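Protein chains: 2
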Amino acid sequence: MLNELSIVGKRLPQPAAVAKATGTCKYTTDITLPGMLVGMVLRSPNPHARILKIDTSRAESLPGIKAVITRRDVPDSQYNRSMVDLLSPGKRPPDDEYVLADKARFVGDAVAAVAAVDEAAAERALELIKVEYEELPAVFDPLEAMMPGAPRIHDYAENNAARHIVFPFKTGDVEQGFREADHVVEATFHTSKQAHSPMESAACIASFDAAGRLTVWSTHQKPFPARTKLAGIFDMPVNMIRWLTPPAGGGFGNGLTFRGEPVCVALARKARQPVKLSYSREEQFMATDTRQAFVERVKMGVRKDGTITALQTYLVSNSGAYCSTNTSTTVVNMVFFLGFYRCQNVSGEADVVYTNMPVTGGFRGYGNSEATWALEQLIDMAAEKIGMDPMEFRLRNVRRAGDPSPVPALPIESSCLDECIRVGGEKAGWGRRAAGSRGVVKKRGLGMAIATHVSGGYGMLLERSHAAIKVQDDGSALLVVNINDMGQGIETVLLQIAAEELGLRYQDVRIVNGDTDAAGFDVGCASSRSTYIMGTAVMKAAAEAKRQLLELAARTLEVEPNQLEVRGSRVFFKANSDKDISVARLVRENVYGFQHPYHPIEARCGWEPVGNPLPYQAAFAEVEVDSESGHVRVLRVVVAYDIGRAINPMNVEGQLEGSIAQGMGYTLMEDFVVDRDTGELETDNFTSYKIPGTLDMPDIETVIIEHPTPSGPFGAKSVGEIGYNAICPAISNAIYNAIGVRITDLPVTPEKIRAAMKGK
Amino acid sequence: MLNELSIVGKRLPQPAAVAKATGTCKYTTDITLPGMLVGMVLRSPNPHARILKIDTSRAESLPGIKAVITRRDVPDSQYNRSMVDLLSPGKRPPDDEYVLADKARFVGDAVAAVAAVDEAAAERALELIKVEYEELPAVFDPLEAMMPGAPRIHDYAENNAARHIVFPFKTGDVEQGFREADHVVEATFHTSKQAHSPMESAACIASFDAAGRLTVWSTHQKPFPARTKLAGIFDMPVNMIRWLTPPAGGGFGNGLTFRGEPVCVALARKARQPVKLSYSREEQFMATDTRQAFVERVKMGVRKDGTITALQTYLVSNSGAYCSTNTSTTVVNMVFFLGFYRCQNVSGEADVVYTNMPVTGGFRGYGNSEATWALEQLIDMAAEKIGMDPMEFRLRNVRRAGDPSPVPALPIESSCLDECIRVGGEKAGWGRRAAGSRGVVKKRGLGMAIATHVSGGYGMLLERSHAAIKVQDDGSALLVVNINDMGQGIETVLLQIAAEELGLRYQDVRIVNGDTDAAGFDVGCASSRSTYIMGTAVMKAAAEAKRQLLELAARTLEVEPNQLEVRGSRVFFKANSDKDISVARLVRENVYGFQHPYHPIEARCGWEPVGNPLPYQAAFAEVEVDSESGHVRVLRVVVAYDIGRAINPMNVEGQLEGSIAQGMGYTLMEDFVVDRDTGELETDNFTSYKIPGTLDMPDIETVIIEHPTPSGPFGAKSVGEIGYNAICPAISNAIYNAIGVRITDLPVTPEKIRAAMKGK
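So the protein sequences, as listed, match chains L and V. Positions 22 to 781 (our numbering) are the ones given, in order, by the first sequence. Positions 22 to 781 (our numbering) are the ones given, in order, by the second sequence.
If you're looking for bench data, these hints aren't it; they were derived computationally from the structure. Hints should not be assumed to be uniformly reliable.
Because identical chains cannot be distinguished in the list, a pair is counted as satisfied if it fits within a single copy or across any two copies.
[As the list claims (entries may be wrong)] Each computed SDA-like pair below joins lysine to any residue, with the alpha-carbon atoms no more than 20 Å apart:
# : residue 1 : residue 2
1 : Lys711    : Thr209
2 : Lys41     : Glu674
3 : Lys561    : Tyr619
4 : Lys463    : Gly761
Since the structure is predicted, the reported quantities are computational estimates derived from the model, not experimental observations.
Working from the sequences, and respecting the hints, build out all of it.
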């Protein structure tokens with residue numbers, strides 16, 4: 022079947038490839054409007070402080086200043102910066118934020134903003150705004166924040182609890198499960214506040230026209246929900262907002278929340294001129310969400326035969342000053358921690374806790390990667406306890422096709438995880454694995470981990486996509502969607518699906534993307550949903566357009582539609598492949614001819630999935646640990662993936678290899694350091710906050726296992742996040758394999774290893 | 022029935038009203054792109070000359086010059102500048118033009134072009150291009166141009182005949198008809214080359230992106246066909262061109278042809294930078310089409326009882342250097358001259374002739390107004406001959422509902438022309454009409470004329486429109502169309518139709534217009550088609566969206582759709598109008614709720630009409646002629662119109678009053694003067710080419726007679742051109758009534774009247 026496809030499966034370049042390679046691609050900051058002002062935000066230097074008074078008079082009288090805004094000038098609407106409240110069926114996360122802060126809750130909280138004719142004027146104006154603060158005691162550690170007597174960050178949140186969550190899909194009796202176990206392993210893991218670090222920092226432009234219609238340019242990952250939320254904040258009809266999404270220089274979940282858009286709109290509204298607000302790299306670190314830092318108290322009961330009898334988790338999520346996506350990521354953490362392996366008795370609880378830290382939210386893996394880091398280490402610990410090979414232990418316990426999915430109320434549609442483990446293990450040399458070279462300084466280790474993820478949010482989040490196809494008068498086709506291309510290449514994937522299904526040549530289909538006026542409603546680019554869900558909408562729209570095309574051809578050629586097929590932008594007679602007519606001619610005659618009836622060839626599909634096929638990953642990491650310096654070198658990573666089908670193998674490899682780098686950074690390097698006295702962020706640039714570079718990269722071998730999943734477009738599952746989840750625990754398990762010590766808080770720095778080695 | 026409508030029939034403002042009134046509306050010339058160059062065209066100073074050599078070397082070496090192009094740099098594709106070839110079923114007009122001329126055929130012909138960083142550099146570069154011409158004898162009069170031995174303007178066109186046309190809908194035996202007549206009246210009329218004079222002169226921007234996709238900004242009246250034609254010239258897929266139509270400062274048919282777009286694209290292609298090409302007012306006069314100047318040799322046979330026994334016309338159209346729409350306007354002239362009144366024996370012939378004059382093409386009235394000017398004078402002449410009141414003579418002979426339409430193969434759907442004549446005549450004081458005040462210097466006269474026009478091109482031209490409606494997640498709706506708003510207010514009309522049909526409030530519907538990527542195929546804004554044809558497409562799309570809305574409501578409320586209705590953005594129970602639910606809530610729950618199935622509420626309609634209801638006009642003009650100076654003052658104009666329904670009476674009045682001004686200008690003032698020695702245009706500005714100002718305007722009384730026509734949206738016929746057609750002959754007949762002399766060539770200047778009075 023794989024061979025029958027002519028466009029799907031090809032390594033085709035992105036439509037924006039030339040623009041990106043030649044530097045002519047227009048990112049948000051490259052856009053200039055006549056009369057556009059520079060927006061800048063005044064941020065609190067205090068982690069926790071009451072704002073007593075803001076004097077903007079000197080700033081306002083500065084030449085070139087067109088607007089100065091404070092809490093008084095923005096709507097009195099309180100909202101959650103993420104879109105989770107709009108898109109999840111359960112309890113809403115708290116509405117805890119205003120366009121500008123009512124009090125400062127972290128160093129970087131937005132307290133005022135200016136719009137000026139240039140940057141220099143804007144900077145000067147910020148200096149001239151005088152804010153009188155009453156400093157309050159601050160708290161940074163979530164466990165401290167939960168203690169009685171801790172400083173209260175939000176009036177309504179007793180003990181700084183944004184939410185207490187009880188795992189809603191609890192099964193069995195976990196205490197009974199632990200009693201039935203031969204061994205109970207438990208640990209407390211601390212995950213870290215990884216920064217998304219997209220190469221493009223957040224930027225936004227807001228412009229009102231004379232009729233009061235607002236256009237927003239921003240690479241938000243969920244432009245339709247963001248438009249709805251913005252309309253709510255500013256009390257505007259949705260129709261009065263057009264949201265344009267320029268190409269984005271990375272996302273990884275950083276664009277799931279507002280990143281200055283409401284401030285930018287408030288400035289444009291007051292200044293009555295367009296405003297561009299571009300975050301500096303420092304602001305990007307300080308004022309946009311990072312990955313949430315969990316404290317994960319986890320526990321597993323296991324019998325000698327390898328049966329897992331109980332699984333329990335208690336999570337504390339350090340939400341930072343506002344809640345953002347933290348209720349949702351926390352639930353996802355529990356869903357995957359408790360649902361990945363077969364186990365009858367599972368339960369979980371969690372507290373989402375406010376602190377005076379910068380805000381945390383969704384990041385590639387979205388709670389699941391944090392769950393997997395703990396779970397896969399716990400698995401290794403349990404396997405060790407019962408003296409079973411960790412691979413065998415995993416194979417014994419993983420859920421398989423037909424089993425209940427971790428995603429509630431769904432069975433697992435397909436799984437090639439066994440094959441991933443076997444193939445990956447073979448390539449990684451799992452059979453030759455030994456504990457790391459006793460006695461020498463540089464110790465080697467091999468570790469593995471497995472993981473899954475979602476293909477969209479179905480079962481947990483609202484899922485809706487929309488695709489429209491219009492066949493032009495020369496037989497070429499336009500695909501209209503709204504799904505953020507953040508570099509992952511979704512546009513290529515959708516074009517391949519459309520062209521393949523339509524029977525047109527790849528170059529005959531073009532895409533219109535990123536305009537809420539042009540496209541139908543879509544929930545956005547997140548949850549590894551785009552290929553599976555938007556891809557299906559595109560495929561269905563293309564199938565309908567092809568049906569119309571074949572009907573037109575049949576009418577013109579006076580045969581039945583089922584006698585015809587389309588390939589390479591030509592219509593063939595199935596019975597005689599020498600006889601053909603070009604789509605161009607057919608359509609041209611339909612549009613410009615005088616035959617009746619005239620039916621434009623166009624199709625649209627607004628689609629919601631009814632499934633959520635899980636992709637899988639088996640990761641193997643080989644590391645070398647310098648037991649004196651504590652330095653870890655990742656020598657080799659082998660990963661096998663079950664993604665159903667690679668629509669574009671080049672894109673898939675890009676996603677997977679990028680995930681390995683990002684997972685490696687998370688495990689070993691990326692440290693988001695906030696001074697516990699001042700609340701100041703010490704790592705707000707790429708000198709102090711180190712992400713992996715090409716020289717840090719290990720040898721990589723990726724194996725893509727393609728068994729089409731029934732419900733996916735051409736069999737595809739998702740690929741956006743699955744590459745990430747198992748990398749971190751595989752490395753951690755490899756380190757343990759090398760040195761016999763387990764570091765339970767991220768990142769695994771040389772200092773921690775040295776300290777642990779000393780302890781040992 | 023009229024009272025049942027709540028939005029249609031209201032005097033609502035244009036969506037762009039505030040922008041236009043505050044000067045913030047962005048017309049094409051207001052748009053600026055990064056790196057955009059200024060384009061300028063070098064035009065021939067000779068009316069007819071072979072281009073021997075063009076030396077561009079000095080221009081090219083000038084600083085700031087990014088591209089210099091001549092015939093060598095443009096595609097070798099020959100085309101007709103109008104879109105008539107794409108849109109008419111008959112014989113194509115000649116492809117007679119290149120992007121840049123192969124030889125100069127009129128003063129103003131484009132022979133080279135430059136793109137420069139600024140205007141000064143571009144102007145300097147034009148001066149430095151050295152063109153070596155071989156001057157050829159020129160001819161300006163079409164009758165001379167047809168003579169043997171006249172200079173040949175196009176190699177292929179013997180006797181400079183672009184086309185010889187025989188009226189294809191000839192009936193009876195015209196010679197027999199003349200034999201049966203008691204009287205034969207005949208005359209030769211000369212119409213004039215009226216310039217459209219939109220306030221905005223032609224402008225275009227062309228920009229290629231890195232992938233080679235071209236965006237064109239231009240207020241072309243037929244953007245989809247223009248895109249198709251441009252794709253052909255530059256050998257590009259249609260998909261690789263996006264045509265954006267900014268708001269236009271007037272059109273009147275001037276935008277039916279290319280007005281520099283191909284040159285602009287060729288410059289952008291060579292310079293590899295965006296180029297803006299804005300025509301100066303001089304270029305607007307010289308290098309864009311004007312109304313065609315016809316020589317109309319017309320003849321009517323009439324019996325004493327008022328029966329018209331024969332009608333014959335022979336037309337010579339002075340096409341100018343290229344053919345443009347001249348075949349089409351010439352056929353339309355014959356169609357209405359020969360088909361407006363009942364007459365068994367009709368025939369016509371025409372020659373479309375090249376001369377070395379600036380090019381002529383379609384203008385409000387599009388051949389029909391020129392036909393009507395001759396016909397309605399001939400009618401008065403015949404009435405006088407048989408001693409019958411001209412009004413009575415008209416009423417005796419006009420075709421009525423059910424009669425064959427002048428538009429071939431269609432019956433007349435509806436006509437209130439009798440009522441228009443009666444009501445208009447009463448208001449104008451037709452009963453008190455007398456020959457103009459003998460003996461005094463200032464002579465008064467009253468004249469009348471009647472006319473019809475089309476509601477779109479059906480029966481003669483390709484007709485297709487497309488509308489899409491998308492209901493947003495707060496119940497507001499977006500209407501997506503592509504139909505040029507040139508000030509006539511079509512956007513308002515379409516929004517009223519959409520809101521009325523949807524049952525939403527007017528402010529809850531917004532329009533997306535002027536983007537070939539966003540909208541479905543539409544033939545453009547011409548032939549008085551927009552309200553009738555696009556309006557119907559909008560109404561049908563709205564009806565389908567409403568059906569979906571009621572289905573959703575019925576599902577939600579668990580009743581049958583037919584128990585419900587929508588009004589004022591709320592859904593009511595028909596049986597109990599106190600019980601209602603807002604559309605906003607319904608749709609919000611549909612989009613953001615977790616109920617299944619999810620069906621986005623959206624509809625589209627690609628529509629072609631199957632009728633062409635004729636609007637009607639009866640115009641009455643009262644003039645005062647100074648028999649010594651020859652000056653004519655139009656004192657009062659009364660016009661009654663049958664337009665089916667006024668969707669927006671304010672818009673209708675605007676169209677009708679503008680038509681009166683334009684018709685008055687055509688009749689009395691606007692004189693396009695070309696020096697017969699040099700071929701130079703003497704009237705290339707508003708000082709030498711006078712159009713009526715507010716002080717020239719007479720008292721105006723317009724009567725809109727509303728009897729909904731069955732096939733129109735809410736009963737509407739068209740209104741764009743009908744206001745124009747009868748104005749000119751009504752004034753001419755009034756002048757004859759005043760002074761007893763008939764001036765048969767336009768414009769009717771004081772000089773001509775003085776000369777005629779002398780002759781008398």
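Hint check:
| no. | hint | verdict |
| --- | --- | --- |
| 1 | Lys711 / Thr209 | neither (26 Å within a copy, 89 Å between copies) |
| 2 | Lys41 / Glu674 | within (19 Å within a copy, 52 Å between copies) |
| 3 | Lys561 / Tyr619 | between (23 Å within a copy, 15 Å between copies) |
| 4 | Lys463 / Gly761 | within (13 Å within a copy, 117 Å between copies) |
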